[in-house]
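Order-wise, the sequence lines are chains W and P. In terms of the numbering used here, the first sequence has 98 at position 98, counting the first letter as 1, and numbering is strictly consecutive. In terms of the numbering used here, the second sequence has 83 at position 83, counting the first letter as 1, and numbering is strictly consecutive.
Rather than coming from a laboratory, the hints here were simulated on the basis of the structure. None of the values given here were measured: they were computed from a predicted structure.
Subject to a maximum C-alpha distance of 30 Å in a straight line, what follows is the list of computed DSS-like cross-link-like pairs (lysine-lysine):
(1) LYS57(P) with LYS105(P)
(2) LYS101(W) with LYS79(P)
(3) LYS69(P) with LYS101(W)
(4) LYS11(W) with LYS105(P)
(5) LYS11(W) with LYS102(P)
(6) LYS63(P) with LYS92(P)
(7) LYS42(P) with LYS101(W)
(8) LYS57(P) with LYS69(P)
(9) LYS79(P) with LYS42(P)
(10) LYS79(P) with LYS59(P)
(11) LYS68(P) with LYS97(P)
(12) LYS102(P) with LYS101(W)
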Amino acid sequence: GAGVSQSPRYKVAKRGQDVALRCDPISGHVSLFWYQQALGQGPEFLTYFQNEAQLDKSGLPSDRFFAERPEGSVSTLKIQRTQQEDSAVYLCASRIGPNEKLFFGSGTQLSVL
Amino acid sequence: EDQVTQSPEALRLQEGESSSLNCSYTVSGLRGLFWYRQDPGKGPEFLFTLYSAGEEKEKERLKATLTKKESFLHITAPKPEDSATYLCAVRKGGSEKLVFGKGTKLTVNP
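Could you build the full structure based on these sequences and the hints that come with them?
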């Protein structure tokens with residue numbers, strides 16, 4: 001497809017488990033973002049990549065959260081030792097250039113039990 | 001601290017009943033104000049970017065305006081398919097991240 005693709009669509013984890021969320025951006029898009037959206041809230045910034053370089057990770061809530069984009073295309077957001085407060089929708093977005101519009105994926109809904 | 005406040009939290013309109021959504025913001029060095037539409041179970045969909053006070057943009061039944069402290073999203077003669085959550089976000093100079101408000105959930109009844 002032509003849009004941003006995220007998988008899995010839903011993920012249920014037991015507290016303490018590690019999870020990995022995948023994002024396939026639109027082909028050729030240089031910039032990639034991860035946002036976290038809690039129920040009834042607006043998205044909150046987690047981290048930003050330009051190609052393979054992670055230029056801003058100021059929004060990652062703790063050192064349990066780690067993101068990578070090793071070849072400047074697909075990105076993975078990893079959460080270690082998940083906690084209940086990690087339950088949210090994790091949105092990935094990409095854009096072709098600095099002043100272009102951001103395209104969002106449909107997100108991964110993470111539920112930590 | 002950068003802040004975005006949207007009002008009302010929820011709005012119910014009858015089909016054809018025009019109204020406006022508000023987005024108040026505080027940010028140092030605004031580099032863009034963005035409006036997105038979000039349907040249930042989907043990611044936000046881009047609507048508009050506004051860069052400076054006085055700027056206006058239109059798309060079908062939607063019109064976005066910007067002042068130095070707030071933005072309005074005017075909806076003229078809405079239809080049920082306009083029902084969604086509308087999100088406002090700002091970006092400041094020197095940063096690539098967007099700071100979002102909590103959104104306004106719009107319901108348009110036929």
